[in-house]
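**Q** Please model the complete structure; the sequences and the hints are all you need to start from.
Residue numbers (our numbering), protein chains in the order written: chain A, 326 to 620; chain B, 616 to 901; chain C, 4 to 433.
Just so you know, the hints here were simulated from the structure itself, not pulled from any lab data.
Misleading hints may appear alongside valid ones.
[What the hints assert, rightly or not] Beyond 10 angstroms from chain C on every Cβ pair, some chain B residues (computed):
no. : residue
1   : L663
2   : R713
3   : A790
4   : K823
[Claimed, not checked] Only some residues are given here: those of chain A computed to face chain C with a beta carbon under 8 angstroms:
no. : residue
5   : Q475
6   : V560
7   : T576
Idealized CB from N, CA, C, for every residue including glycine.
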Amino acid sequence: MTAATALTATRHTRQSARRLTLGAFPAGRLLRHVILLLFALYALAPVYLVLLASVRSEAELFSGPLSLPWPIDFSNFSRTWTESGFAHYFVNSLIISTGSTVLVLITAPLAGYAFAKLDLPRKELLFGLFLAGLVVPAPSVIVALYGNLQKLGLLDTRLGVILPQAALLLPFSVFMMRTVMQDVPKELIEAAAVDGASPFTTYVRVVLPVVRPGLMSLALIAFLFSWQEYLLPLVVLQADDLKPLTVGAATLQGRYGVDYGGIAAAGTIAFGPLVVLFLVMQRSFVRGLTAGAVK
Amino acid sequence: MTSQRTAILFVLPALALYLAFVGLPILQVAAYSLFTWDNGSVTGFAGLANFTRLGGDTVFWTALGHNGIWVVLTLAFPLMIGLLLASILAECSPRTVRILGAIYFLPRTIPLVVAGIIWGWIYNPMFGLANWALDMVGLGALGGAWLAEPSTALYALNVVGAWTFFGFCVLIYLAAIQAIDPSLYEAAQLDGASWLKRFRFVTVPLLKPTTLFLGLYAAIEAMRFFDLVWVTTQGGPGYDTEVLTTHIYKTFFLVGDFGYAATLSVVLLAIVLTVSGVSYRLLRSA
Amino acid sequence: MKHLPAARLVASTMLIAAAIPASAETVVTQWDQFASSGITAAGPAMDELIAACEKVLPDIKILRTVVPSIGIRESYRLAVSADKTPDLAYTWPAASVLAGYARTGKVAPLDAYYAKYKWDGINDFYRGRNSYKGNIYGVPMEQDLMGVYYNRDLFKKLGLEVPKTYAEFQAVAAKVKEAGYVPIAFGNRDRWPATNTLSLVLGLTAGREAEEKVLFGDGSWTDPAFKKAAETIADWAKEGYFPRGFNGIGYDEANALFLGGRAAMTITGTWVLQDMARGAKFDLGVFMLPPISEGVPAGTMWGEGSQWQIAASAPEATKDAAAAYVDCLISPEHRQVWVEKGFLVPIGTKAEDLAAWNTLPAVKEFYAEGLKTPDTNFYDLHTTLPESVTQVLYPELQRLVGGDATPDQFLDAMQQSWSKAVANGERWQP
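**A** So, in structure tokens, the structure goes:
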């Protein structure tokens with residue numbers, strides 16, 4: 326089913342459903358709305374509590390009501406940002422996540438295209454090999470990985486995180502790209518071939534422009550997952566000025582005793598950018614996450 | 616021939632990166648499991664001796680049980696909630712869908728380490744936000760040390776896991792429901808079927824492949840999650856939140872017995888691969 | 004210099020080397036856990052001493068990496084496994100782990116340096132803890148002692164005296180509880196704090212000799228004196244000496260509870276002296292827990308917690324340089340820096356030095372008390388047991404204190420992992 330027909334179908338369902346349910350079971354409807362709101366509360370309450378704690382001073386942390394204080398106190402943020410090194414951590418998260426996202430963007434669509442459209446020998450086996458990577462738990466491979474990175478001289482470098490990070494993202498990314506590439510019309514590729522374009526030219530000039538929304542989704546998800554990774558950078562990076570936000574936030578826990586305002590601010594810095602990114606790019610995110618799941 | 620070579624060239628960059636940084640370490644770990652180790656150094660060949668230790672390792676079986684419970688809880692809670700919320704949302708206005716969808720999914724954007732820190736603090740018996748919030752609304756008596764009590768620790772942790780996962784389920788189910796042929800709902804409604812009946816007899820059966828997909832995804836994640844436990848309880852109190860990955864981590868890093876840690880890793884991989892292999896078959900035939 | 008032919012370069016370097024010994028700069032990579040606050044907060048002292056020692060030893064360049072103490076166990080083990088061992092490291096948990104690396108030949112024996120530099124201030128107890136099969140592998144520096152920090156203001160307010168006997172201690176705890184305060188701030192989410200508490204209790208129920216029978220001899224963990232220790236710590240929890248939900252409270256949070264005036268006492272070590280002395284807004288006092296069992300002499304848990312160790316894989320010149328630098332760090336004149344800026348008292352520091360130096364009263368008080376009983380002071384469990392046993396001790400102790408395991412179940416589990424480790428040759432004996 327193409328996106329366009331899915332959309333009309335949805336609209337159709339919604340309209341007919343609304344027409345028919347209107348007023349039919351008011352009690353049931355009320356209950357359903359209460360359920361929706363309850364779970365919205367479940368999702369938001371912890372985030373709200375952290376935001377609240379991040380803008381309160383130590384003294385008023387556990388006093389006063391659950392409403393936001395006014396004027397808002399940003400001292401926790403400025404302290405975390407400058408004194409605790411979160412300015413560094415933030416930049417490192419940005420560099421590492423961007424690096425692995427770019428690597429994934431270069432490699433995964435190529436592979437996905439080959440799996441979906443090209444005459445690849447042992448296709449099933451190779452694809453299974455990639456899929457198997459979905460189940461690998463990080464603590465299991467990290468020790469061997471550490472030794473290998475040491476031999477390559479990549480320990481304690483950002484590249485030493487970027488390369489394995491991209492590799493760990495590949496199973497999902499290749500899977501997703503195969504699904505996306507399957508939707509590219511065969512006629513387009515054939516027409517390009519008739520015009521004498523090489524397979525690679527066809528891929529760059531014809532295929533990539535068609536799947537641009539899919540690439541956007543892939544980029545977002547790869548970025549999200551890289552940003553969230555903890556164990557890999559924890560083990561590979563030793564120098565404090567190379568560490569990303571996840572590692573920084575976790576070490577903050579024991580380092581400053583019970584500076585909850587600071588920890589809350591640190592947490593907010595660690596997830597804030599992702600939340601904003603998600604809210605701005607919601608449609609691309611959702612399309613990417615659901616690719617492959619619904620088929 | 617040429618077209619095959621082209622295809623291989625297309626796969627090569629991804630394959631090389633993947634094999635170098637994921638494939639090779641897995642093979643190395645499999646090899647580790649055949650040796651005896653002392654503090655990170657090989658001391659001899661073990662054959663399958665490390666594997667025979669599994670039977671008497673009660674922590675391994677406890678941890679495996681907890682992973683099993685986690686799988687069941689994830690299937691029972693976030694998945695079912697996701698289905699329910701998605702079916703309700705499917706009949707709401709596009710604006711509601713967009714706003715609530717975003718809200719439900721929001722926790723998934725938070726790194727698990729940070730989620731663990733946030734919830735660890737919420738649950739904290741002395742300085743916890745939960746106890747504080749309960750006090751604020753006059754329900755202080757309900758407060759407790761949920762992450763520190765053997766009877767509640769695993770479940771309290773699962774509430775966090777579900778928190779980061781149910782929104783994902785909502786979005787996936789929603790997309791799947793929106794792909795269902797609307798005439799099926801119309802027919803059901805013309806027959807006078809209630810919302811519950813339509814849910815039960817139209818939505819649920821048609822979403823079976825989606826449920827299988829999500830179930831598979833959830834089960835894999837439930838077998839390999841680590842960050843959340845590590846930053847909150849480190850497997851405690853006692854062994855009450857020990858899972859396979861924390862047992863592996865401790866055996867590798869704290870005991871230094873690489874051989875046995877590798878053995879545990881191999882077993883974990885074998886279990887997950889088998890389970891997901893079977894489910895994948897099911898998924899494709901469904 | 005750059006343009007000289009290689010042969011001449013070598014020759015001239017040798018000439019210079021002969022004239023002025025070791026003119027080429029030797030780089031020593033160092034890992035340590037001295038942060039700027041929290042546990043072992045001697046970071047600023049470390050920086051100052053590196054500068055001072057580089058001045059005294061101009062041929063040596065120290066490349067320092069701070070590894071947070073919560074992760075240094077893991078980091079060091081990984082580094083060893085990948086042959087990336089730092090030339091010099093200062094890590095915990097001490098003796099037990101050191102023996103593991105000595106066994107596998109990853110750390111260098113230091114007997115020759117002990118003889119050369121006459122590190123006589125390090126007594127037999129500490130030498131024993133850093134030895135494996137007749138050789139010595141570590142230079143212990145920090146002297147860790149356990150004691151009871153207490154809130155003098157609160158004691159005064161409640162009309163309490165420092166207890167001289169265990170019965171008095173129990174009475175104090177009961178009265179504090181009655182008054183609505185937490186008797187002992189205690190948090191065991193991090194899993195290791197309770198091992199310190201148990202070590203202290205064990206030394207005061209069993210005594211050092213009985214401990215040694217088990218730790219270095221053929222004794223068993225099911226020994227009645229060990230059972231008494233397990234029962235005592237379980238009773239403390241049952242009697243409500245600890246805050247509610249202690250297995251979910253972090254070590255730092257427990258300290259904050261004490262510093263915030265909500266608890267009357269906390270039982271921990273000298274490694275948080277700086278945070279305690281600086282953070283207390285009340286009159287901070289320290290006393291030693293009295294003996295618990297009849298006939299057991301007074302004493303406290305002591306150990307080095309961490310030690311300097313040199314990688315076996317380092318080139319000889321680097322080893323020599325590292326040893327010279329360590330000698331500088333622990334020299335009598337530099338001990339004063341550790342005490343005054345690092346709030347830690349190096350092994351071998353004399354009581355009269357300590358009295359004369361400018362440091363916080365709590366530091367002096369704590370060490371003066373703890374160093375009164377050098378012959379009866381006893382062991383710290385998780386820096387003494389092999390790692391495989393420690394990893395059983397952590398969860399089992401959470402269960403014992405949490406009331407989920409009986410003292411017998413606890414001791415059985417310990418004995419089981421203990422005999423396995425002994426059979427594997429994992430334990431160290433002085």
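**Q** So, for every hint listed, does it hold in this structure?
**A** Checked hints:
At the 10 angstroms boundary, the C-beta of L663/B stays outside the reach of chain C, the nearest C-beta of that chain being 18 angstroms off. No beta-carbon of chain C comes within 10 angstroms of the beta-carbon of R713/B; the shortest separation is about 38 angstroms. Under the 10 angstroms C-beta cut-off, the non-interface status given to A790/B relative to chain C holds; the minimum distance is some 39 angstroms. K823/B, annotated as away from the interface, keeps every beta carbon of chain C farther than 10 angstroms; the closest lies near 41 angstroms.
Nearest Cβ of chain C to the Cβ of Q475/A: about 4 angstroms, under the 8 angstroms cut. The hint holds. Among the interface hints, the one on V560/A holds; its C-beta lies about 7 angstroms from the nearest C-beta in chain C, closer than the 8 angstroms criterion. Interface hint status for T576/A: upheld, as the beta-carbon distance to the closest one in chain C is roughly 6 angstroms, under 8 angstroms.
Hint violations for this structure: none, all hints satisfied.
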